[in-house]
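Chains as they are written, first to last, in my numbering: chain B, 1 to 111; chain A, 1 to 116.
FYI, nobody ran anything at the bench for these hints, they're computed from the structure.
Wrong hints could be hidden among the right ones.
As the list claims (entries may be wrong) - Which residues of chain A face chain B? A few of them, derived with a C-beta cut under 10 Å, are:
| no. | residue |
| --- | --- |
| 1 | 47 |
| 2 | 48 |
| 3 | 88 |
| 4 | 97 |
Said to hold, decoys possible - Residues from chain A that keep clear of chain B, each with C-beta distances beyond 10 Å, as calculated:
| no. | residue |
| --- | --- |
| 5 | 17 |
| 6 | 27 |
| 7 | 56 |
| 8 | 75 |
What the hints assert, rightly or not - 20 Å max Cα-Cα, derived DMTMM-like pairs, lysine to aspartate or glutamate:
| no. | chain 1 | residue 1 | chain 2 | residue 2 |
| --- | --- | --- | --- | --- |
| 9 | A | 57 | B | 2 |
| 10 | B | 52 | A | 98 |
| 11 | B | 68 | B | 2 |
| 12 | B | 52 | B | 2 |
| 13 | B | 77 | B | 55 |
| 14 | B | 60 | B | 16 |
We treat Cβ as the ideally placed atom computed from N, Cα and C, and that holds for glycine.
The lines below spell out each chain.
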Amino acid sequence: GDSVTQMEGPVTLSEEAFLTINCTYTATGYPSLFWYVQYPGEGLQLLLKATKADDKGSNKGFEATYRKETTSFHLEKGSVQVSDSAVYFCALKGSARQLTFGSGTQLTVLP
Amino acid sequence: KAGVTQTPRYLIKTRGQQVTLSCSPISGHRSVSWYQQTPGQGLQFLFEYFSETQRNKGNFPGRFSGRQFSNSRSEMNVSTLELGDSALYLCASSLGPDRAELYGYTFGSGTRLTVV
Numbered sequence: 001g002d003s004v005t006q007m008e009g010p011v012t013l014s015e016e017a018f019l020t021i022n023c024t025y026t027a028t029g030y031p032s033l034f035w036y037v038q039y040p041g042e043g044l045q046l047l048l049k050a051t052k053a054d055d056k057g058s059n060k061g062f063e064a065t066y067r068k069e070t071t072s073f074h075l076e077k078g079s080v081q082v083s084d085s086a087v088y089f090c091a092l093k094g095s096a097r098q099l100t101f102g103s104g105t106q107l108t109v110l111p
Numbered sequence: 001k002a003g004v005t006q007t008p009r010y011l012i013k014t015r016g017q018q019v020t021l022s023c024s025p026i027s028g029h030r031s032v033s034w035y036q037q038t039p040g041q042g043l044q045f046l047f048e049y050f051s052e053t054q055r056n057k058g059n060f061p062g063r064f065s066g067r068q069f070s071n072s073r074s075e076m077n078v079s080t081l082e083l084g085d086s087a088l089y090l091c092a093s094s095l096g097p098d099r100a101e102l103y104g105y106t107f108g109s110g111t112r113l114t115v116v
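Please model the complete structure; the sequences and the hints are all you need to start from.
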């Protein structure tokens with residue numbers, strides 16, 4: 001079945017550092033891929049998405065490229081801010097017709 | 001426009017009781033999905049409703065059930081609560097199950113259920 005493997009956390013960075021959170025997936029066909037972010041005490045917010053191979057999703061300085069050859073959708077940001085501290089979830093929507101999530105990566109950005 | 005509204009935000013129940021959670025989707029959204037979030041199991045899909053019909057169901061026991069009304073509002077019910085049902089229950093709405101890829105899902109803030 002569908003599955004998402006996400007970089008283990010927690011990740012602690014200094015402000016303005018470069019961020020990469022790795023995400024790989026297993027799915028049949030051509031799933032859509034998503035990154036969601038969860039701030040403390042809140043639900044999930046869609047950060048970005050990509051629906052086909054080589055698509056690049058981007059939002060608020062975050063980017064991720066749908067790489068079918070490596071079945072990956074790594075999240076990157078060139079310069080993180082304290083306000084980016086949150087839990088990040090990689091997810092896919094594939095043949096199962098539901099969102100399948102990774103385990104989440106806790107990011108803490110220190111001033 | 002208003003987001004996805006889940007009520008109540010917090011709930012404490014006793015083992016063996018039943019509970020009903022409510023979700024009002026974004027206006028115009030006709031699909032509602034439910035997820036359970038726990039520290040041990042992460043985010044797990046419960047079920048999805050569209051046009052008052054259950055379209056998809058995850059691997060949860062029959063104690064977990066749901067329904068959707070004609071105005072797209074959805075409820076989920078858990079009967080005979082167990083300690084392991086303590087979790088954050090999240091509802092997500094979308095325009096429709098086949099349009100979620102294009103427009104994504106919008107999540108509510110969740111209902112925190114504690115079973116004691």
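Now for the hints, and whether the structure bears them out:
1. 47: This hint holds: residue 47(A) lies near chain B, its Cβ roughly 9 Å from the closest one there, short of 10 Å.
2. 48: holds (6 Å)
3. 88: Where the cut-off is 10 Å and the nearest Cβ of chain B is about 8 Å from residue 88(A), the hint holds.
4. 97: holds (6 Å)
5. 17: It holds; residue 17(A) is separated from chain B by about 25 Å at its closest Cβ, greater than 10 Å.
6. 27: holds (18 Å)
7. 56: violated (5 Å)
8. 75: The claim holds: residue 75(A) sits with its nearest Cβ about 17 Å from chain B, beyond 10 Å.
9. 57(A) <-> 2(B): Distance ~15 Å between residue 57(A) and residue 2(B) Cα, so the pair holds.
10. 52(B) <-> 98(A): Distance ~15 Å between residue 52(B) and residue 98(A) Cα, so the pair holds.
11. 68(B) <-> 2(B): holds (15 Å)
12. 52(B) <-> 2(B): holds (16 Å)
13. 77(B) <-> 55(B): holds (17 Å)
14. 60(B) <-> 16(B): holds (14 Å)
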